[in-house]
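Once you have looked at the hints, place chain B on chain A.
Protein chains: 2
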Amino acid sequence: MRKPYSRSAPFVLDDAAAELVDRYWRAANYLSVGQIYLLDNPLLREPLKPEHIKPRLLGHWGTTPGLNFIYAHLNRVIRAHDLEMIYICGPGHGGPGMVANTYLEGSYSEIYPEVSEDVAGMRKLFRQFSFPGGIPSHAAPETPGSIHEGGELGYALAHAFGAAFDDPDLIVACVVGDGEAETGPLAASWHSNKFLNPARDGVVLPILHLNGYKIANPTVLGRMSDEDLRSLFSGYGYDPLFVEGAEPFAMHRHMAATLEQALQDIHAIQQHWRNGGTDNTCPRWPMIVLRSPKGWTGPKEVDGKMVENFWRSHQVPVANCREDGNHRKILEDWMRSYAPEELFDENGRLKQELRALAPVGARRMGANPHANGGLLRRELKTPAIEDYAVAVERPGATTAQSTKILGQYLRDILLLNQSHANFRVFGPDETESNRLGSVFEVTDRVWMEEIRPYDVQLGRNGRVMEVLSEHLCQGWLEGYLLTGRHGFFSCYEAFIHIVDSMFNQHAKWLKVSRELAWRRPISSLTYLLTSHVWRQDHNGFSHQDPGFVDLVANKKADIVRIYPPPDANSLLWVADHCLKTYDRINVIVAGKQPEPQWLAMEEAVRHCEAGIAIWKWASNEGNSGEPDVVMACAGDVPTMETLAAVDLLRRHIPELQIRVVNVVDLLALQSREQHPHGLPDDVFDRMFTTARPVIFAYHGYPYLIHRLTYKRTNHDNLHVRGFIEEGTTTTPFDMTVLNELDRYHLAIEAISRIPGLLEKAAHVVEALRAKLDEHGRYVREHGEDMPEVRDWKWEH
Amino acid sequence: MRKPYSRSAPFVLDDAAAELVDRYWRAANYLSVGQIYLLDNPLLREPLKPEHIKPRLLGHWGTTPGLNFIYAHLNRVIRAHDLEMIYICGPGHGGPGMVANTYLEGSYSEIYPEVSEDVAGMRKLFRQFSFPGGIPSHAAPETPGSIHEGGELGYALAHAFGAAFDDPDLIVACVVGDGEAETGPLAASWHSNKFLNPARDGVVLPILHLNGYKIANPTVLGRMSDEDLRSLFSGYGYDPLFVEGAEPFAMHRHMAATLEQALQDIHAIQQHWRNGGTDNTCPRWPMIVLRSPKGWTGPKEVDGKMVENFWRSHQVPVANCREDGNHRKILEDWMRSYAPEELFDENGRLKQELRALAPVGARRMGANPHANGGLLRRELKTPAIEDYAVAVERPGATTAQSTKILGQYLRDILLLNQSHANFRVFGPDETESNRLGSVFEVTDRVWMEEIRPYDVQLGRNGRVMEVLSEHLCQGWLEGYLLTGRHGFFSCYEAFIHIVDSMFNQHAKWLKVSRELAWRRPISSLTYLLTSHVWRQDHNGFSHQDPGFVDLVANKKADIVRIYPPPDANSLLWVADHCLKTYDRINVIVAGKQPEPQWLAMEEAVRHCEAGIAIWKWASNEGNSGEPDVVMACAGDVPTMETLAAVDLLRRHIPELQIRVVNVVDLLALQSREQHPHGLPDDVFDRMFTTARPVIFAYHGYPYLIHRLTYKRTNHDNLHVRGFIEEGTTTTPFDMTVLNELDRYHLAIEAISRIPGLLEKAAHVVEALRAKLDEHGRYVREHGEDMPEVRDWKWEH
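For the record, the sequence lines run as chains A and B.
Using numbering that gives the first Met the number 0, the first residue of the first sequence is number 0, and each one after it goes up by one.
Using numbering that gives the first Met the number 0, the first residue of the second sequence is number 0, and each one after it goes up by one.
Looking at chain A on its own, in the form it has when it is part of the complex (with noise of 0.2 Å):
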């Protein structure tokens, strides 16, 4: 901030200034009206026309003319104290003022110059608003300076805090609608002050916009007394500042001033920290309640019924403008109430006086390449895998657990990338119980609140986020990779589903952010998924869930990747492979565990970038010609029971002719049309075969490997187990029982499908039977699995 505070008195904006503001507020609420209505004649030259107004009308009058009131004086104090400033627009549908106001700065012509800043760019602005072929009407990746989709509610706070963090010069101007505000997700997301540390972040200022309704109804928030609001949000921790009215003056007098101080008071704040201040418990950052009609500005009242300051603004307040003249009055009279004669010059171009309140270049909102993160994207120093590698002489030989090999890497990124402050770990309180423990060695938990002498891990300037909401991790880190940071994702596999829809918007955001030449890639989001189904030893059912990547597969394939490592050096490697990759989300799922380790570094990096691959050490097939079955497995667990039937079966029946197959990157098992990673054909039928059984054991839903895989020579011949819903609170062997993935259901699934063998082998097939008896009353007597499970080793 170079221009320093008033300290003395209020702020007062004077007449002069007042009234420019509300030039240019009434010059945005003319451009959105005018997207959501118009086909032509955008500056009402001539008196409106049937064949003027857009056949279908579809887009959210509502919210936006408190979004440009907002954006209106943002912008003076931009200018006023030289800010870096982005906005956040939290309402679903504020696209109209979005652009609207991205038009007026300017930064939309350069970015899209052929909607010019001239009568013809102002028609083909009103024309392309939720047209075919045009743009959305929400805030999207269409909408220069949005870094926040604003389809689904709830995240634009936590996108906000994501943003601010590690950036000490920004402030997130995050307008929070008051509908947005009774989802979950927001509702925790005002808890993020307890994680922003002033001396070293960037800040927040959460605008709740309150306007009372949502499409059919009140809002909880706008019919809140204000002096439930202001407890409310004193006890989150903020210090609420109200605006309120409806008078376009008084307003821009009491908001200008109101911003003023806030902004007084974010500085005041952040000097303090900034110069050694070291209060033991969180700062009290101002947030702005500001409570305008919706609709505001809006046809007073249609057909009789009220409609300015009610829900009827929400959507297109006056609806039949082509077929009825008298609707078309009405937009008439509406449209020129804003007196676009004074706004905008004889070539349709904002007046010079109105141009001058905007700020200029990168200031501007909508060019601030906070908002493009891929622009301030420092690429991510990585340490070399090997060495972290974990010693395999020979497959099986050695025991480790990956996650806590992968702390050891991640800890060793923690300190390369230190001085850039990009990269940081997100979590729901798992880090620890997910063996990532090794980053402690080098930084905390960040936690704003008091610190007691016995607190452990814990520190102002931790770099690991943890707090018991996934939403919060999943929004914070949407945030920090948006302006071109870097992290790491690790969750509970069950609970990785309370994040689905985020997931979903995220990819979405990706998917069109990829098809915008002027968005510049940002890292990739990745998440890893441990403490997972087949280890949920004192959890049970409902920690069991590894359904979400299927979620994930549904996805545009160039979007999403999928890595079930086998072992620890796979992981390694899958690990340093997703944090180098960008505008992809990367899931990885690998377990906490102690299991054994299969490939040496060098292996694992083969087989990694091969995707799937032959082990050959396993298989004992001979040279010429196919084996009588393949077994194919993805995931540690698989892998593991996988390897322990192939030894049973080589030890049965040693003229078996076995090949195993593992599967590191699943979405390889699809065709090359369908996925780029996806194995060629006549690639895949090689490895699997086109004619001999495939016994399949994979780590989640057994569903996805056929739907991944149906359009294989082979497929008939698959046959996938995986986890079908059984177990809860058990031994891990017995989860694997229970759900049939077990190495001797395994075996008996191979000699049953290896026609004629099962004749032969009946003698075996009872053996395996017998054991799985064995298991099930030793499991049930000691409440542990059989030495000869737990001992179980691979000595081929």
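Incorrect hints may have been included.
[Stated by the list, open to error] A few chain A residues that don't get close to chain B, going by computed Cβ distances all over 12 Å:
id, residue
1, ALA16
2, ASN196
3, ALA267
4, ASP499
[Claimed, not checked] Below, computed lysine-lysine pairings styled on DSSO-like, alpha-carbon distance capped at 30 Å:
id, chain 1, residue 1, chain 2, residue 2
5, B, LYS510, A, LYS759
6, B, LYS710, A, LYS555
7, A, LYS555, B, LYS770
8, A, LYS510, A, LYS555
9, A, LYS48, A, LYS328
10, B, LYS555, A, LYS770
11, B, LYS710, A, LYS710
12, A, LYS710, A, LYS615
13, A, LYS350, A, LYS123
14, B, LYS380, B, LYS579
15, A, LYS792, A, LYS759
16, B, LYS615, B, LYS770
17, B, LYS770, B, LYS792
18, B, LYS770, A, LYS123
19, A, LYS770, A, LYS792
20, A, LYS48, A, LYS403
21, A, LYS770, B, LYS123
22, A, LYS770, A, LYS615
23, A, LYS328, A, LYS304
24, B, LYS710, A, LYS403
25, B, LYS759, A, LYS710
26, B, LYS304, B, LYS350
27, A, LYS328, A, LYS299
28, A, LYS510, B, LYS770
29, A, LYS710, B, LYS304
30, B, LYS304, B, LYS328
31, B, LYS510, B, LYS380
32, B, LYS123, B, LYS48
33, B, LYS299, B, LYS123
34, A, LYS770, B, LYS510
35, B, LYS792, B, LYS403
36, B, LYS615, B, LYS403
37, B, LYS48, A, LYS304
38, A, LYS555, B, LYS555
39, B, LYS615, B, LYS710
Read the hints as simulated data drawn from the structure, not as lab findings.
Predicted model only: the values in this text are computed from it and were never measured.
From the three backbone atoms N, C-alpha and C, an ideal C-beta is built for every residue, glycine too.
For chain B alone, kept in the frame of chain A given last:
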């Protein structure tokens, strides 16, 4: 409440009563520790030996003593005032406490007689906990008195309010953990007070249990000052009462007095409202903030590290009791500190004076029928669907909005069940938008904040629950169903993903409940997903996602059903059917826009009962042999496009033999071994042929159809089209074109797949391609679909 509350002086718990309640609490704590640790020697009648201790210690102590403390005090007030009360245990790992308390009060042994009230039973009680074949470590369906699984956090309070609605005599004590309090859904749930009517509903008494720590972190709310907490909960609209401390007897006295005060306040509010009070604002209900140490009464320190009152007590406070004599000593001292000999008699039964503290019969929280809602459930009265039938003289001749018709049916369900007050409609502010508005002819949206003169369809006694939180809608509905009532949830299709994880957990609850004979069936949870992917005209990509059903299809077959009815009459049958089922989750997908109607009611009934059927009226195959192609469809828009494609094919290539198959019960596509509704293989083969091409137009992601049919004979000839994530704000028909699900693409695909036809019909393909081009030009110029598409009618 039969015994009135004293209104004069604060309640004082006398010393004798405090001594008794303390012993009761100790007994529960003793049994909780025993469950976590002991295999044998349950009453410590000999010194603790390694073999008495479980080999794998899996359980959670930290939250348990607080839960036991609350339970003991709730028992006291239930007896004192003859209260109808249930206990919702929000903290995830409170299982040992809930089990211990239901065992102490006798309800556990009534349900599970083998866990008897003697030494042998106690030994079983201990052994079964977190043990293979035993019970999970959470409150779960297996736990008497529970309607809430303690696995995934966030839904306790929403469940509690759902249970309280329409049950005026019920008090739902809901313990919210401070970990859970950080989640989004819980943070939003506090606002449920704005939807609870003191005159007709019961009440929730929230008890925020701040024990300060999660797995490895302080909690956000635990570290907040009392002042901030008071502000926060006052802001939410409550009157927070604080109980804080660690000294047991002071805490007993404080808790008893506070509970009395809370109940008195509740009583006063209820009396006021039930005697005609009509305040234009919510009452300020009491809530309790209980601060007590995590791991209270457990080991203070282990291996020199602080355990009690810190996160180290979260799970198993002292871990190596089998191997390490010192640890075993800590455990033994800890258990003996409760003085089991003062608690249990020589037979291992709770001493008589302590037994007398528990309520009796159905007043015991473990035996209260509200927590086994099927016991209280009355059948829903439903009108005859024929009364709402859309007249369909011939297929396609009529147009109707399916959900609008359904709204009339729902309206009359509301009327028919008015006197039982056991049916509500839930949705996030979308009942009207989803065209179910007819319900407002007979009821309102319930609203307990201020109602203004110009508000419409808003009232204190409304039976439509609207809040902009899918989490709250789902949580309330679950609580309502679990306590024996009925409901209906309508939601935008894309945003139902917000509750993916809640759906998962409810499906798990049902799966386990169905295995427990004592749990009586509850009504099914029925979703209507509308405003679906194909008609997001003014929303666009962010609102497009038909993938919820993919998640649903992962669940146990006997729990889930998925229906995409093709028109209004079939929607009526499906909804009526779903509302009469129990212990299931039904997903109905149907559009809200005007669409052609295909089936008269009689035909719709026949079709829906079959689940999948050949539409003879749309087919032109001869009577003998197989058609050239099967045109299959599922969902309203795909059905329309399929019929339009068939129309094109029949006009262009009249000699082509076409069969039309429509699917209304999606899971019938699976084989019968996979799903009880699965079509038998021979029927399927006759319907879909064994070798002819099948062009399948499906509502959602095409993979689901492959996954459901991969075992079917003709799977290799199945070509599925569906949503492939293309399109944003555009016209309805353009959406289908962008995803290649439109009539032209379908017709071209059929021609291409019929052996030998492509060469002969190249000119037809060319004509169809030209139509696609024409469409593209038209829609981009006019912003609406070309007349020949808009006006198309089935006329065969």
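Now for the hints, and whether the structure bears them out:
1. ALA16: Its Cβ never comes within 12 Å of chain B, the nearest being 35 Å, so this holds.
2. ASN196: With a cut-off of 12 Å, ASN196(A) remains clear of chain B, as the shortest Cβ separation is near 15 Å.
3. ALA267: At about 20 Å from chain B, ALA267(A) clears the 12 Å cut-off, so the statement holds.
4. ASP499: violated, 4 Å
5. LYS510(B) with LYS759(A): violated, 39 Å
6. LYS710(B) with LYS555(A): holds, 26 Å
7. LYS555(A) with LYS770(B): Holds - the C-alpha atoms of LYS770(B) and LYS555(A) are around 27 Å apart, at most 30 Å.
8. LYS510(A) with LYS555(A): holds, 7 Å
9. LYS48(A) with LYS328(A): holds, 10 Å
10. LYS555(B) with LYS770(A): Holds. LYS555(B) to LYS770(A) sits at ~27 Å (cutoff 30 Å).
11. LYS710(B) with LYS710(A): Satisfied, since the Cα-Cα distance of roughly 13 Å is no more than 30 Å.
12. LYS710(A) with LYS615(A): holds, 26 Å
13. LYS350(A) with LYS123(A): Measuring from Cα to Cα gives roughly 19 Å; hence the hint holds.
14. LYS380(B) with LYS579(B): The given pair, whose Cα atoms are some 9 Å apart, holds under the 30 Å limit.
15. LYS792(A) with LYS759(A): holds, 27 Å
16. LYS615(B) with LYS770(B): holds, 28 Å
17. LYS770(B) with LYS792(B): holds, 17 Å
18. LYS770(B) with LYS123(A): OK: LYS770(B) and LYS123(A) at ~27 Å, within 30 Å.
19. LYS770(A) with LYS792(A): It holds: about 17 Å lies between the C-alpha atoms, which stays within 30 Å.
20. LYS48(A) with LYS403(A): violated, 70 Å
21. LYS770(A) with LYS123(B): It holds: about 27 Å lies between the C-alpha atoms, which stays within 30 Å.
22. LYS770(A) with LYS615(A): It holds: about 28 Å lies between the C-alpha atoms, which stays within 30 Å.
23. LYS328(A) with LYS304(A): Measuring from Cα to Cα gives roughly 16 Å; hence the hint holds.
24. LYS710(B) with LYS403(A): violated, 41 Å
25. LYS759(B) with LYS710(A): holds, 27 Å
26. LYS304(B) with LYS350(B): Not satisfied, since the Cα-Cα distance of roughly 36 Å exceeds 30 Å.
27. LYS328(A) with LYS299(A): holds, 14 Å
28. LYS510(A) with LYS770(B): Given pair LYS510(A), LYS770(B) holds - Cα atoms ~28 Å apart, limit 30 Å.
29. LYS710(A) with LYS304(B): violated, 58 Å
30. LYS304(B) with LYS328(B): holds, 16 Å
31. LYS510(B) with LYS380(B): Holds, because 26 Å separates the two Cα atoms, which is no more than 30 Å.
32. LYS123(B) with LYS48(B): At roughly 18 Å apart (the allowed maximum being 30 Å), LYS48(B) and LYS123(B) satisfy the hint.
33. LYS299(B) with LYS123(B): holds, 29 Å
34. LYS770(A) with LYS510(B): holds, 28 Å
35. LYS792(B) with LYS403(B): Holds - the C-alpha atoms of LYS403(B) and LYS792(B) are around 21 Å apart, at most 30 Å.
36. LYS615(B) with LYS403(B): holds, 28 Å
37. LYS48(B) with LYS304(A): Status violated; Cα separation ~80 Å.
38. LYS555(A) with LYS555(B): holds, 27 Å
39. LYS615(B) with LYS710(B): holds, 26 Å
Hint compliance for this structure: hints 4, 5, 20, 24, 26, 29 and 37 are broken, all remaining hints hold.
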